[in-house]
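**Q** Chain by chain, the residues run as shown.
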Amino acid sequence: MRGERREVGGGRKVPAGRRHFFQRTVSRAVEVALVAFCLLPILWSVRTSLAPEHDASFIPRRLTGEHYAKILSRGDFYRYAANSALVTLGAVALVLPLALAAGYALERHQSWGRRAAPIILALPLLPAVTFLVPIARYLNLVGLYNTRTALVLANAAFCLPFATWMVWNFVHAVPPSLEEAAFMDGCSRLGALVRVTLPSMAPGAMAAAVFVAIQTWSNYLFAYALSSDAELRVLPKAIVDFVGSWRTDWGGLMAIGVLTLLPPLLLFHVLQRWFVAGMYGLTER
Amino acid sequence: MPRNEEESRVSILSAGHRGQSARARMFSSPQWLFLPAAVYLALFWVVPLVPGLWISCQGPIAGTQVFRWVGLANYRTLLGEWTFWHNLLLSLCYLVGVVGLTTPVAYLAALIIARRSRGLGAIRGLFLIPWVVPPVVSALVFRSMADPQIGPLAAIYQDLSGNTELIPLQSGFWAMVTVVLHSFWRSVPVLTLFLAAGMTTISGELHEAAQVDGATRWQRFAAITLPLTRSHLATGLLLISAFTLQDAETIYAMTGGGPGHDTEVAAVRLFREAFDYQHPHIAAAVGTFLLAAGILVMALYLTLFRRAEATS
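Protein sequence lines correspond, in order, to chains A and B.
Here the first sequence stands for residues 5 to 289, where the numbers follow our numbering.
Here the second sequence stands for residues 3 to 314, where the numbers follow our numbering.
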């Protein structure tokens, strides 16, 4: 592979080696710069969460765990974290079956699936903020305003289009003939679905689950619009509320920030492969 | 052996034809599986449009909390007030700032990354980090970086402006810069990956053939890479535009729309009217404008999608 590349690159004779070296150095430098650009704000937040108050030097002279200790000793932090986890799990549990069924239907019914799929994928282009007022109204009407259920419902609805699309990408990979074969072998319709198709859709489901979990965990809009009870705060809302009372206690704010971004980051890190495959679609390869 | 295989294939096919009548027909029409998702999506994406428009045509009777029909009065109020034009102008600045910064940087970065011999690998994971961080958290991180007490961004701004007393988030201009920079940080890596994915699908043979024909690097870029990534570029642009236009939470968390109204883009205006000032009717009217912009972007996107389908 590499030999081939070199040959192509060396189309012009003499400076080939040097040009190649130069090129590679430039690409490496750009890559490093981009990665640094991505990571710097995160590193900054970790630094600030560990630095003593009013230490303005970029690399603090002394590290302290006091900010984390302050947050972890508050009982309400655990309540907010639990709320976030509950809402996230709820949204994933609600979206998955809907997305699996819809993604499957879109793929297997090509004629209208081809027409419906882009529209569904395009739905998130509509601004979610504009829906907040009417949704808050009618969730209030059915008595769901100020409940975790409301947050689950809204988050699930706004993640569903992309989750469906992700699943849809993976159903591509399961040829209908495979299902038909199982069907002919005496499987029931449901049996064929469960035994043959569903396992092959599992990576799609995984990708969709990661997407929904990250989105829901991070969401502030619905938390702010659909609940006002302090008991129901989820972490992103709790942080913004803390800013009001802690002002420029950046150590404390960044500590709770780091604690909030850690779960999605870990989840993403562990399940990255699935997620990326779902995002770009197996069709790209 | 091959004969057996052939036979079994035939038997499956014929069985398929025979079974077509009842079971298989049901098997081949699973639309009903789409129904729950369709109902659910309609409930949150379509149904709210009607009460949204309805609320935007309501207004409180002076001095009371009772709402009545006022027709287009809210729209007239908005269009007649300077603040709203300012909101729209800021939305435009935000959009142009983010898209204008993100696109060229992401495109150049993608050109370089797509050439990697060993694929995107680990880089991809690192690149998606800004997207994984909750927007509210990253907004606060940028807010702390713009704090004149400790923040490196504030130090850079002070150098740039020559004003050592500068408090970035107290200045309309620098607050806007920070807001744009934050969205730039969130969107550049994702757009880079998106464009790079498009570039790696271009067959290497095209480039090799052009090279054999003596095309320079620039000619190859202009004749192969650019035209073949145009639809990716357009899609990426539309996505970023849509998400920038509707973004309220990062600005709200970073500046609250302030100082004054200096970073109050239309989406933040909506948010503040709805939940800080309890003016749902004004919020709904602002929402109609945002929705119109969203529908425009959506229509462009669908046109693009259809054209891509037609050519492929």
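Simulated from the structure, these hints should not be mistaken for laboratory data.
One thing to keep in mind: the hints can contain errors.
Stated by the list, open to error - Residues of chain B placed beyond 12 Å of chain A at every Cβ, according to the derived structure: (1) Gln67; (2) Trp71; (3) Leu81; (4) Thr85; (5) Cys95; (6) Val98; (7) Asn165; (8) Thr166; (9) Gly174; (10) Thr194; (11) Pro229; (12) Pro261; (13) His263; (14) Asp264; (15) Thr313.
Said to hold, decoys possible - Now the stretches of chain A that chain B is said to cover, found in silico as 3 or more residues with beta-carbon under 8 Å: (16) 87–94; (17) 104–114; (18) 156–167; (19) 250–261; (20) 267–273.
All values derive from a computational prediction rather than experimental measurement.
The C-beta atom is built at its ideal place from N, Cα and C for all residues, glycine as well.
**Q** For a quick check of understanding: which of the numbered hints are violated here, in increasing order?
**A** 10 and 16
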